[in-house]
Amino acid sequence: RKEVEQDPGPFNVPEGATVAFNCTYSNSASQSFFWYRQDCRKEPKLLMSVYSSGNEDGRFTAQLNRASQYISLLIRDSKLSDSATYLCAVTNDYKLSFGAGTTVTVRA
Amino acid sequence: DAGVIQSPRHEVTEMGQEVTLRCKPISGHNSLFWYRQTMMRGLELLIYFNNNVPIDDSGMPEDRFSAKMPNASFSTLKIQPSEPRDSAVYFCASRPKTGWVNEKLFFGSGTQLSVL
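Just so you know, the protein sequences line up as chains F and X, in that order.
Residue numbers in the first sequence follow this note's numbering, run continuously in steps of one, and reach 275 at the last position.
Residue numbers in the second sequence follow this note's numbering, run continuously in steps of one, and reach 331 at the last position.
There is no bait here: all hints are sound.
Pairs of lysine to any residue residues, derived as SDA-like cross-links and limited to a Cα-Cα distance of at most 20 Å, are as follows:
1. X:Lys293 - X:Gly274
2. X:Lys319 - F:Leu214
3. F:Lys169 - X:Gly274
With the Cβ distance kept under 10 Å, some of the chain X side facing chain F (calculated, not the full set):
4. Val219
5. Phe248
6. Arg256
7. Val304
8. Phe306
9. Ala308
10. Leu320
11. Ser324
12. Gln327
Because the hints were derived from the structure by calculation, they are not lab data.
Using N, Cα and C, we set each Cβ at its ideal position, and we do this for glycine too.
Construct all of the structure, not just a fragment, from the sequences and the given hints.
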């Protein structure tokens, strides 16, 4: 079983829509959780950390469910510029393991 | 801050040749990671250095792969001999603090390797 699994998508949504997707992790002892954004042919960049109580950053909301071992990302009022691949990442000790990514395409 | 610098940006080589990828981490960062990304397998951790010392190389696929970090400002990933299945994007990333798991990774722009 992979350490981190994601629905690859793609999620095709119109501008202004809300899109949400999850990521599951296998190690219940995982300590930290993140969402990274990766644009085509570019390096991953941190979008936001995910905290136990859930957190928001503008139009982005991240949730953590330790009991079910998943994290989620919700994007409200989607913009064309949100089109990207979203990678979830989980830390075990020093090691940051990534999911394969969920592709989101926002259309005009 | 110049960020993590990787070179070359693109590398095309023939099967059997030696390939060397280079990375300069952000000054002051003491953790360095090499990742490989493919469509099939996603982002895989190859090796992790802390204070220039290799801590975990369990992700290095075969003996053909080796990595070094001779000092805090430079690391190399070498493939010898290279094979077509090594074709991937190789990312180097650094992190500012050891053991501070909430610290984010800073990635370089990656090296696109194509082995023909």
